[in-house]
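**Q** So you can see what is in the structure, the chains are spelled out below.
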Amino acid sequence: GAGVSQSPSNKVTEKGKDVELRCDPISGHTALYWYRQSLGQGLEFLIYFQGNSAPDKSGLPSDRFSAERTGGSVSTLTIQRTQQEDSAVYLCASSAQTGASSEAFFGQGTRLTVV
Amino acid sequence: AQSVTQLGSHVSVSEGALVLLRCNYSSSVPPYLFWYVQYPNQGLQLLLKYTTGATLVKGINGFEAEFKKSETSFHLTKPSAHMSDAAEYFCVHRGTGGFKTIFGAGTRLFVKA
Numbered sequence: 001g002a003g004v005s006q007s008p009s010n011k012v013t014e015k016g017k018d019v020e021l022r023c024d025p026i027s028g029h030t031a032l033y034w035y036r037q038s039l040g041q042g043l044e045f046l047i048y049f050q051g052n053s054a055p056d057k058s059g060l061p062s063d064r065f066s067a068e069r070t071g072g073s074v075s076t077l078t079i080q081r082t083q084q085e086d087s088a089v090y091l092c093a094s095s096a097q098t099g100a101s102s103e104a105f106f107g108q109g110t111r112l113t114v115v
Numbered sequence: 116a117q118s119v120t121q122l123g124s125h126v127s128v129s130e131g132a133l134v135l136l137r138c139n140y141s142s143s144v145p146p147y148l149f150w151y152v153q154y155p156n157q158g159l160q161l162l163l164k165y166t167t168g169a170t171l172v173k174g175i176n177g178f179e180a181e182f183k184k185s186e187t188s189f190h191l192t193k194p195s196a197h198m199s200d201a202a203e204y205f206c207v208h209r210g211t212g213g214f215k216t217i218f219g220a221g222t223r224l225f226v227k228a
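Top to bottom, those sequences are chains Y and P. For reference, each letter of the first sequence is one residue, going 1 to 115 in the numbering used here. For reference, each letter of the second sequence is one residue, going 116 to 228 in the numbering used here.
Honestly, the hints are just simulated from the structure, not real lab data. Glycine residues also receive a C-beta, built at the ideal position from the N, C-alpha and C atoms. A portion of the hints provided could be inaccurate.
[Claimed, not checked] Some, not all, of what chain P presents toward chain Y, calculated at C-beta under 10 Å:
1. Val119
2. Thr167
3. Ala201
4. Phe205
5. Val207
6. Arg223
Go ahead and model the full structure; you've got the sequences and the hints to work with.
**A** Below you can see the structure in the form of structure tokens.
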């Protein structure tokens, strides 16, 4: 596609439910990143994929969070047993190269609200 | 540990005035540094980046930033602010040895007519 696509754009869920957030990176981009932007806080790195593998999962805040990427393309971020503190905008980005200097292109984000 | 500090969560300038958004980083490894901008209701967009070579980098929309290793700074400037520059700006650090990306807290720029 022309850009990074994330779905849904908005998600309201009840506390304790599981949610899946989807990211479609730019076609051919090998690197994919997930970030979280919480109200009043900066962007927080969650996880990085190089192809289908995740060499850096250090940012996942708890074991309720997991992510996978299949076919070197689409990625899903799953949050189990959601809590109110999980409410945030979840951003996905992709880049064409795996080098740390490469530019990342961001999606519009998924706004998650846990009630 | 790597960190990024943006001085001033809000900066207000008059149209036509100099824009200066400050960013300091701490890192034990050589950094790659980026500035991203987020316009209202839009996604993040890369303004400019420093990797190696020339320490003064120019970006889109007339912005530039200078990497100063001795000061561990990467301040963003624009000689003359425009109303359309009103947005939130993020300074970003990525270590050359890895892919963990550290964002600053962001600086919201207001431009007064």
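**Q** All hints are to be evaluated individually against the structure, with a verdict given for each.
**A** We went through each hint and held it up to the structure:
| no. | hint | in the structure |
| --- | --- | --- |
| 1 | Val119 | 8 Å, holds |
| 2 | Thr167 | 8 Å, holds |
| 3 | Ala201 | 19 Å, violated |
| 4 | Phe205 | 7 Å, holds |
| 5 | Val207 | 8 Å, holds |
| 6 | Arg223 | 12 Å, violated |
Checked against the numbered hints above, the structure breaks hints 3 and 6 and satisfies the rest.
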